[in-house]
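*Asks:* If you want the building blocks of each chain, they are given just below.
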Amino acid sequence: MTLTRRGFTAGVAAGLAAPYIIGSARAQSGGTIKIGMCAPITGPAAEAGKYATGGAKLAVEAINKAGGVLGKQLELIIEDDQITNPGIVLAFSKLAAQPDIVGFLGSIRSTQVHAMAPDVMKLGKPVMFGGTDPNLTKLGNPWLFRFRPNDSYSGRVIADYGVKTLGKKKWAVLHSTDAFGTAGGKALTEALGKLDATIAIDQGYANQSQDFTPVVLAIKQSGADILGSYFTFENDLGIFARQLRQLGVNIPWVGSPSIVNVTALKLAGPALYGTYGVADYAEESTPGAKAFGKAYREAYKVAPDNQSSWPFDAVNVLALAIKNAGSTDPQKIREAIVAIKKYPGAEGEYNFDKNGDGLHGYNIVKNDKGNIVFDKHIEFDD
Amino acid sequence: MDLVLQLLFTGIGIGAVYALVALGFVLIFRATNVVNFAQGEFSMVAAYIMVVCAVDLALPYWLSFIIALAGMAVVGLVFNLGVYYPLRHRTYLPVIIATIGASILMANGVLALYGPQPQVLPGWFETPGIQLGPVYLDSQYLLIIAVTVVLVIFNYWFFEHTMLGKKLQATSQDKEMASLLGISVSTMIMITFIYSAVLGGLAGLLVAPLLFVSIQMGSTIALKAFAATIIGGFGDVAGAIIGGLALGIIETFGAAYISVPYKDGFAFLVLVLFLVFRPQGIFGERVAEKA
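First to last, the protein sequences are chains A and B. Numbering follows this note's numbering, with no gaps: position 96 of the first sequence is 96. Numbering follows this note's numbering, with no gaps: position 181 of the second sequence is 181.
Source of the hints: derived by calculation from the structure; they are not laboratory data. Note that beta-carbon positions come from the ideal geometry of N, C-alpha and C, so glycine has one too. No false leads were mixed into what you were given.
Have a look at the derived ranges for each label pair, beta carbon to beta carbon:
| # | chain 1 | residue 1 | chain 2 | residue 2 | range |
| --- | --- | --- | --- | --- | --- |
| 1 | B | Ser139 | A | Lys65 | 47 to 55 Å |
| 2 | A | Ala303 | B | Gln173 | 56 to 64 Å |
| 3 | A | Gly67 | B | Trp124 | 57 to 65 Å |
Covered stretches of chain A, going by a simulated chain B footprint (3 or more residues, C-beta under 8 Å):
| # | segment |
| --- | --- |
| 4 | 216 to 228 |
| 5 | 244 to 255 |
Residues of chain A clear of chain B, computed beta-carbon distances all greater than 12 Å:
| # | residue |
| --- | --- |
| 6 | Ala62 |
| 7 | Pro99 |
| 8 | His114 |
| 9 | Asp119 |
| 10 | Lys170 |
| 11 | Ala200 |
| 12 | Pro287 |
| 13 | Gly293 |
| 14 | Ala325 |
| 15 | Lys342 |
| 16 | Asp353 |
| 17 | Lys366 |
Whenever a hint applies, use it, and build me the whole structure from the sequences.
*Replies:* Below you can see the structure in the form of structure tokens.
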């Protein structure tokens, strides 16, 4: 077959026109309900981003297979937020410019949610997020909904477990100096204060440190008998964990969720054996968590962690709210989300309060030679 | 005292890492008057080659090491031909921007090929370290310090006592004069790029077991190494080493005795002080701006 100039032109024209023709055909048949998602596709957290988009896609596929929402299929539109604040502001503005997107998934990083919050307020559409800085749902912004327990709970759970279950009262508190770490460290010290524990040392560190020797030595010298930590990035956690063991510090360690995520376990290896972590997602904790774990494993051949469980729940809850509201009107979706009680998600049982917090407790898990074992769930009703 | 010794060891160890990368900066700057902002990415690329060979393909460690360094020689050659050579008759600015572009390309190229997962690379030694009295000596840091010492000696010998080294020096001092004396300037510059890529790669292979292998591992170290180069005096080999070590020690002690969160701040505060009070660095000579 020879390709003539006319044939080539016709082919190119048909190729260029095809998406528009298909697109308009789809629009005529009722179209889709669009959900926007900001996730780190590139940059230092691209690994976590794969888990996040994987969780969200899993929920979208399951909902669509079951017939969609309000007779329409869900469509997920993902923008790269590069895990940076400017990145997420740009990603969100790209998504916000599409008027047919009815709801959004924001970030698991609190500092990014802070960065996008003013634009969320201006847009006036519901945004689901996973950042755990307690202040995020106290900004007076009615459009933010949290799909992980906030750090006032993680701090209380770490303190509760360390003091009451492990019986340790002299604490070293170590936290990143970003929004997440600062809020977490504060929540932990406050919770410890209420349990009459003493703070031997309260130490912040900057993200992406190449060396933690001064921190480890300070903890060693403080004479603390237990360590509570809030690490943002797994490579920091890995370097710290190894140096901690090398310099002979073997006190019990209860960490924020990053201490039990898949990447941290791989990087730190034996240095994290025997540590405890608060985990919003623990596969053995509830039937909902088990079902999600099974589905995720089947789809992606790896075990999920909290990076993927919250977007999974967020898409499901958003779809449920749209269904309950019978509409994609933002105000009606908001009312429907706040009305959700006892929803069994992968992260736990969702009972939304007026601030937009869906979860109110945490699981404690133990690193048993690299296997994460569910220990107990601690729930608060205030 | 125990504390001081432990901090000193760590400071020297981390400083030696900066020094190794800074050395690559200096060599290219001397040869071309250009700062190569892709120097950190050389470290990252080498570490990924090492992971592919030693972990994924399970080749012997020493063989993987040689393959990674040989790979870096090729990267240096391609870098010279693709980034520097086409722009060699332009001012330094387009070249610098081209190196920034190349660094973005390398980082995202590796991301596309290998994916975003940070990787673990085992160290050279089975034993993670030794306890010497009150001080714990990490075996990988010991290796890094040893390699730095060897390289300092090697560089001195190479540049001062070999014909090739002298030709390279001549080229860096005055390209026109060197070329009049029959030295092939473009070959000398090509050798410099290859050597710098291998040096950067070596730094990457040595720090990978400590800081893990990730896409951004190069850029974090390179920023400090760049500061070390300025403190030492741009274009001076000894200066780069001293600058790197000084930076490592300053930030480690600053973190221990003043503030951990501002650790990076100390390094850059020293940089600013140098830029204000001694812009030519410790060993640099005061020169008029190069045209």
